[in-house]
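Student: Spelled out from the first residue to the last, the chains are:
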Amino acid sequence: MRKTNRSMWAVTTLALAMVAAACSGSSSSSDSASDGGGSESGSNASGEASGDISGNIRVWTHQNDAFNSGLQDLATAFEGENPGVTIEFETFDYDTYIQTLQTSLPAGTEADVLQVFGSWTCSYADNLATVPEDVLTKAKAEELFFGAAIDGYTCGDSLYGMPQEFNIEYGATLINEAMAEEAGIDPAAGWADWDAFIADAAKMSIGGQGDMTRAGYMFTSSDAIPYTFYSMIVQQGGSYLAEDGSAFTIDTPEGKAALEQMVAMVDAGLVDPVLYNDLNNWVGDCFFEETCATGLVGPWVIADYAGDFPEVAEVTSYAALPSMGDDPTFVADSGWGLTVSNGSEVQEAAWAFVEYVTLNEANAIQWNAGAGTLPALKANASGANADALVADFPHFATFLPLLEYGQYVGDLPDRDLIWYDITYERILQVLQGNESITDALANMEREANETIG
Amino acid sequence: MTPSSTTKPLDTETSSEEVAKLPTKRSLFLTGRQGAERRFVFGMVTPMVLYMAVFSVLPIIWALALSFFDYSARRTGGPILGLGGENPFVGVENFQKMADFSQEAPLEVRQFHLSLRTTLLFAFLVVPLNLAITLPLASLIESVHQRMRPVFRNLFFLPVLTSAVGVAIMWGFILSPQRGLLNALISKVLGETTIIAWTSDPSLTVLGIPVSLFAVLIAYLWQDLGYNLIIFIAALQGVPQSVKEAALIDGAKPWHLFRHVTIPLLRPTIMLASVLTMISAFQVFDLFQVMTRGGPNDQTRALSLDIYESAFRFQRMGWAAAVSVVLFLIVLVLSLVQSRLLRSDWEY
Numbered sequence: 001m002r003k004t005n006r007s008m009w010a011v012t013t014l015a016l017a018m019v020a021a022a023c024s025g026s027s028s029s030s031d032s033a034s035d036g037g038g039s040e041s042g043s044n045a046s047g048e049a050s051g052d053i054s055g056n057i058r059v060w061t062h063q064n065d066a067f068n069s070g071l072q073d074l075a076t077a078f079e080g081e082n083p084g085v086t087i088e089f090e091t092f093d094y095d096t097y098i099q100t101l102q103t104s105l106p107a108g109t110e111a112d113v114l115q116v117f118g119s120w121t122c123s124y125a126d127n128l129a130t131v132p133e134d135v136l137t138k139a140k141a142e143e144l145f146f147g148a149a150i151d152g153y154t155c156g157d158s159l160y161g162m163p164q165e166f167n168i169e170y171g172a173t174l175i176n177e178a179m180a181e182e183a184g185i186d187p188a189a190g191w192a193d194w195d196a197f198i199a200d201a202a203k204m205s206i207g208g209q210g211d212m213t214r215a216g217y218m219f220t221s222s223d224a225i226p227y228t229f230y231s232m233i234v235q236q237g238g239s240y241l242a243e244d245g246s247a248f249t250i251d252t253p254e255g256k257a258a259l260e261q262m263v264a265m266v267d268a269g270l271v272d273p274v275l276y277n278d279l280n281n282w283v284g285d286c287f288f289e290e291t292c293a294t295g296l297v298g299p300w301v302i303a304d305y306a307g308d309f310p311e312v313a314e315v316t317s318y319a320a321l322p323s324m325g326d327d328p329t330f331v332a333d334s335g336w337g338l339t340v341s342n343g344s345e346v347q348e349a350a351w352a353f354v355e356y357v358t359l360n361e362a363n364a365i366q367w368n369a370g371a372g373t374l375p376a377l378k379a380n381a382s383g384a385n386a387d388a389l390v391a392d393f394p395h396f397a398t399f400l401p402l403l404e405y406g407q408y409v410g411d412l413p414d415r416d417l418i419w420y421d422i423t424y425e426r427i428l429q430v431l432q433g434n435e436s437i438t439d440a441l442a443n444m445e446r447e448a449n450e451t452i453g
Numbered sequence: 001m002t003p004s005s006t007t008k009p010l011d012t013e014t015s016s017e018e019v020a021k022l023p024t025k026r027s028l029f030l031t032g033r034q035g036a037e038r039r040f041v042f043g044m045v046t047p048m049v050l051y052m053a054v055f056s057v058l059p060i061i062w063a064l065a066l067s068f069f070d071y072s073a074r075r076t077g078g079p080i081l082g083l084g085g086e087n088p089f090v091g092v093e094n095f096q097k098m099a100d101f102s103q104e105a106p107l108e109v110r111q112f113h114l115s116l117r118t119t120l121l122f123a124f125l126v127v128p129l130n131l132a133i134t135l136p137l138a139s140l141i142e143s144v145h146q147r148m149r150p151v152f153r154n155l156f157f158l159p160v161l162t163s164a165v166g167v168a169i170m171w172g173f174i175l176s177p178q179r180g181l182l183n184a185l186i187s188k189v190l191g192e193t194t195i196i197a198w199t200s201d202p203s204l205t206v207l208g209i210p211v212s213l214f215a216v217l218i219a220y221l222w223q224d225l226g227y228n229l230i231i232f233i234a235a236l237q238g239v240p241q242s243v244k245e246a247a248l249i250d251g252a253k254p255w256h257l258f259r260h261v262t263i264p265l266l267r268p269t270i271m272l273a274s275v276l277t278m279i280s281a282f283q284v285f286d287l288f289q290v291m292t293r294g295g296p297n298d299q300t301r302a303l304s305l306d307i308y309e310s311a312f313r314f315q316r317m318g319w320a321a322a323v324s325v326v327l328f329l330i331v332l333v334l335s336l337v338q339s340r341l342l343r344s345d346w347e348y
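Going down the list, the protein sequences come from chains P and Y.
According to my numbering, the first sequence is numbered sequentially starting from 1.
According to my numbering, the second sequence is numbered sequentially starting from 1.
Here chain P stands alone, though its shape is the one from the complex (with noise of 0.2 Å):
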């Protein structure tokens, strides 16, 4: 009977325990959180820097050697340029990044400069501060940024941030050249349609589906399939999202083609959704461990890839997608940015070293040479800073001619959820034969309309 009791205590304390651990961590924050406080600045915020303002500025960004440095850099200029301005760094490991800003925001405890990615900006706005007018206006910041780079900063009629990079995951594919010289492909050449590219990439594969050990071209992966499926809606003049955000329209003729375009890649035997998804082979791995041919992911993963596998980055190139329309239209997430905190007390020197930072060409694209990053300017996309940025990064070449046809993926209520949970999901599904097509637009329509309140 003691023995009873004794596991009744340990079954009781070890539930509490497992309770407590779920849900422990709702009211976390970083353990370097402040009030957001500083000392008052002072004079104006014109963008080059004057030297009359004055303040601490606390700085939070995201833990990346690459993106740290040539910020750093440049708040040591900026330091240098206005003695009465200090920066201060603090930075945190991603996944705790997006926590820390999550609950901090809210509760009032972030720093004055914060780092984010633009397609998350408006989730925030309510504790964010607007441009001021005097730096920046709506209409000259689309001016001067590619559309999908700045529309993430951009909340109603009011801008909220600058952006410092364009993030791009479509409009051109990774692919190992001595695969393709061996299959007698030149990717130089490119492709005039989808059928051209299919009947190439399906000369890569070896295997088939079910034994499949090498994919001609891998776009299962989490990222790869929804911006292909809504990369190609909107190439054919179609939307999956409404104007004013208030619904999403995903099961219409354009989302039906879209999905059969997909689902004839894979009975092309391009690849086996079942072997090639983000569980096994995501395309990094797949691509570097020479168990895929090409894939279908942005240029950063190469400075992630390439110093372990230096023999296949030496065969890597890009090579530009065809359409499914006129133009090589795609859909982007706006990249990462600064935006300043509405609970500042040095806002005035926040914004001028924002403005530092993103609106001066030779800092911004000194930051992105130094980051690895495509331009977020559409004046660095192209004469002598790209020419030099191209030098650095010779695989940006197939890129930059595509900027301008980036359109922002929109003010998505739940990005990660629509992104990863249904179109993803959804969508594997389809390819791997387990849902129609029908029943998947219907089901992804209304899985991604409950996400708007």
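Keep in mind the hints are simulated off the structure, nothing from the lab.
Hints may be right or wrong, so weigh each one.
What the simulated footprint calls covered on chain Y by chain P, stretch by stretch (three residues with Cβ under 8 Å from a Cβ of chain P suffice, anywhere in the stretch; the number is not a length) [unchecked claim]:
id, segment
1, 64-78
2, 200-213
3, 311-319
Across the chosen pairs, the derived CB separations fall in these ranges [said to hold, decoys possible]:
id, chain 1, residue 1, chain 2, residue 2, range
4, P, Ala189, Y, Thr205, 43 to 49 Å
5, P, Pro310, Y, Thr205, 38 to 44 Å
6, P, Ala247, Y, Leu190, 48 to 54 Å
7, Y, Ala234, P, Val315, 57 to 63 Å
8, Y, Phe89, P, Pro310, 56 to 62 Å
9, Y, Pro79, P, Ala388, 52 to 58 Å
Keep in mind that this is a model prediction, so the values were computed, not measured.
Virtual Cβ for every residue (Gly too), placed ideally from N, Cα, C.
Given the coordinates of chain P, assemble chain Y onto it according to the supplied hints.
Tutor: Frame of chain P; chain Y shown alone:
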């Protein structure tokens, strides 16, 4: 314990003078040997009580409170702990939503149903399989030469000490479709290349149970069985030799001895092991997260994973808290039922 004057109960004959001479409660606590003992106990227990209060009791109360709110840390909410305002009180709405079994139920509700089914299936498979392996194995280890016992004990216990993430990565490598050891072995035996997506093919099932769930189950059993093994070995060592000898003199064969003597004597231990294994099975998170991330097609989305995703990925804290309350109640009820069913009325 020896009764002392300080603990002697007062009877009706105790005079008022005697009462006056008795130490007060305060002096009981602060003076003398007993006072010192109590201070020592107080000093030792207080940190743990505070620890439990801060890291267990408060979060439990907070989770319980959140389950009645549509709470998200993304929203500002009311002045008191962010409750109210944009994080409104919704009463039992979160729990009512869980009872919506229609096809039109929201995605998070359908994912909860799927997770609940997966977790129950996992737990109810784990317990009998674990016991079916560990109990005979413990008996076998006890039957080998005394010198060899520690070798086997340590060998089987080693995976328990291994990080669950490490175990998940190792099993992921074994089960990888193209580069995995298992498929390589099958290919060798069959003489032809065999590629089976053990953890990512949603159409792969055995008796209606996804193979991907079995994959996680095998990894879990491999890691966890050493724990119960040690418990059973300890219990087997406590079985009186005289009882076994009596059975053998009566002509019992080894199987009969195990079936009719050992197992009944181990009933309290089996109860303890099954309850602890059941609770542990409900808590598994890391293996699911690393090996399958809930896939394919949510077939291995366990409740712990569902709670984590709802709370920290999608910031639906209120909903996640409600699901965790349900998980707590399920574990509590199952534990009570198990302990009632396996209760023994005697001890040896």
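Student: It remains to establish, for every hint, whether it holds in the given structure.
Tutor: Each hint, compared with the structure:
no., hint, in the structure
1, 64-78, "holds (count 7)"
2, 200-213, "holds (count 4)"
3, 311-319, "holds (count 6)"
4, P:Ala189 / Y:Thr205: 43 to 49 Å, "holds (46 Å)"
5, P:Pro310 / Y:Thr205: 38 to 44 Å, "holds (42 Å)"
6, P:Ala247 / Y:Leu190: 48 to 54 Å, "holds (52 Å)"
7, Y:Ala234 / P:Val315: 57 to 63 Å, "holds (60 Å)"
8, Y:Phe89 / P:Pro310: 56 to 62 Å, "holds (59 Å)"
9, Y:Pro79 / P:Ala388: 52 to 58 Å, "holds (53 Å)"
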